[in-house]
Structures are given as C-alpha cells and as structure tokens.
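Undergrad: Let chain X serve as the given structure and place chain H on it in line with the hints.
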Amino acid sequence: ETGVTQTPRHLVMGMTNKKSLKCEQHLGHNAMYWYKQSAKKPLELMFVYSLEERVENNSVPSRFSPECPNSSHLFLHLHTLQPEDSALYLCASSQGEIETTRTGNTGELFFGEGSRLTVL
Amino acid sequence: ILNVEQSPQSLHVQEGDSTNFTCSFPSSNFYALHWYRWETAKSPEALFVMTLNGDEKKKGRISATLNTKEGYSYLYIKGSQPEDSATYLCAFNTGNQFYFGTGTSLTVIP
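Residue numbers (our numbering), protein chains in the order written: chain X, 9 to 128; chain H, 5 to 114.
For the record, the hints were derived by calculation from the structure and aren't laboratory data. In this text the structure is predicted, and so the values were computed from the model without any measurement. Hints should not be assumed to be uniformly reliable.
[As the list claims (entries may be wrong)] Result set (PhoX-like, lysine-lysine): computed pairs, CA atoms no more than 20 Å apart in a straight line: (1) X/K30 - H/K46; (2) X/K26 - X/K44; (3) X/K49 - H/K46; (4) H/K46 - H/K73; (5) H/K46 - X/K48; (6) H/K82 - H/K61.
Isolated chain H, as found in the complex:
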C-alpha cells in the first residue's frame, strides 16, 4: 500500500482569501497525479490530471503544480468563494491503481 498524505486535514478561510494545500506521494512508480473536488452529497469530480514533472495547470481561480522528483503537488485557490467549500482529494496513479489521500476539507466563510 502506497502512502499519500494531504495537509492540512481541514481549513477554514474567509471569502476572498487565497489558500493552498499539499499532497505528498512516493516518487517511484509515478504515472499521474490527480486532484478531485468532492462536494457534500455529490460525487468526486476531477479537477486536474498531471503527468510531467514541473506541470502547472489552471482552471479559473484554481491551479496546481507538480514535483515528481520530490513527490509533492500543491493546489492553490485564489480569492476563495463559498462555492469552493468541499473536500479536495489527491490521488497517486501508478497505471490502473489509484491511491488516495484522506483529503483536505475546505470551508469558505462568507
């Protein structure tokens, strides 16, 4: 079993604040690193899939970076909004196997 760690476990920020979280993963057997957003009572939805060291991806106010050599990825949210409240999961993909972290639960206070 591969260890994928996410920090912090939970986060409360004020609307308009920018924030970031970390995902740490093994640096061997790397195929891809996924970020998912999971809102309460809904299904997890993919935000980003990153495969190359140094990758940076952006979707609106959310962006992510990847360092495969040291085994970490950062997710950034600029100007947080209440609708950003969700659990953010990262998953380390070795091919057909996905290893998930426990997630970072984000609450954006209006």
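Bound-form chain X, shown alone:
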C-alpha cells in the first residue's frame, strides 16, 4: 500500500472509445505524474502536474488528455487511441522540488500499481 491508488487496473477499449484512467494519492504530495511503460522500454514520462498546474508535457499525442482537478486527483482521458498505445500506465506522486528543498524531503516517487490498457 503506497498511498497511490489507480483505477481501473485493467482496461480494454476499442479505437473509437472514450475512457479515463484515475489516480488518487493520500500522501499530501504536491506533484503528480503519468508514466507509460511499454515492453522493453524505460518508463516514459507523459505529464507532470505541480501544485495542480501542468509543468511538463513530453510531446504526448493529443489523444491523451490529462486533468488535475486538485492536488490529490489526476486523470488521463483517452480518446481514439491506437493499438500501439497499449501499455501499462503508471501514476506517481512526490513532493515537488520547492518542498524538497525546504523540508529536506528526498522527492522520491510513490507509484500506483498501474492501469494495464489494451487497445483493440
């Protein structure tokens, strides 16, 4: 139990579907992340939110749309995905850099268990 919960754990969708992944953290962190894990590849950063503002968008296609309504919740909205988008999507949270410097927190990432997405 890491304090980061992701739902659903498994999702199968067609290319024309619209679905969302949800992430919730109960750790009081101020930064949240979406990572993509494809087979044989390193964890790939998709989006970072710090204090509910998006600070990073690593050239992710617009068919992935993040939303961070508050510091505890993060969504990834999925629309017209391609089969190559099938992967494990991991959410993580951490104390951001400013908080790290002030409180001495190490800034480690706390991950959810991931949502396994299959696009047919």
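TA: Only chain H this time, still in chain X's reference frame:
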C-alpha cells in the same frame, strides 16, 4: 531526452549468491539518483535516493554507491534470497524530471 543505462538487462543467480548491477547516467544537471524495486503485479517502491558524490546507502542486505563525477551508481545485494526477485530500476533526477533506465530483472533461484 537524457540517456540512463542499466546493465545487465537480466540476471539469474542462485540463492545465497551476492550480485550487483550498474546504472550509468549523465554527469551534468544532476540532482539525485533513485533506485526502485519493482515486483511483478506490484508498484515500484523506492529503495534509495542519493544526492552526494560518494554517497553509500544500505538497507538490510541491499546497498548502493554513487559517483556523480563519472556518472554511475552500483546496487549490491548480499546473499540473494528468492524474495529479492524483481526488476530494479534506477532514475536520474534533474529536479522535477525523472529519467528511468530499462531496469535489471533479477531472478533468484532457490
């Protein structure tokens, strides 16, 4: 995109053996180096966060060292046990950005 490399990609050892793996990372824009352990069907969990050149950290049978000048970190496991079987990830932290390696998959054979 920064390149973080881990070797070996996978490793099979006998129970009781000691082992080590390597993480190589850029020596510029360094903020911290993280090691994570990722067991199948679970979430990655932080083992160590190291920030200073020459850092050595230890948690039970697992330890790690850091050389920021030459850009590498070693993770050591002494007397491997089957429960150590997992993928070990390192991540290079430049601040709020984390760049991960592909991991070393360790299997400890009873």
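Undergrad: Honestly, which of those hints from before does the structure not fit?
TA: 4
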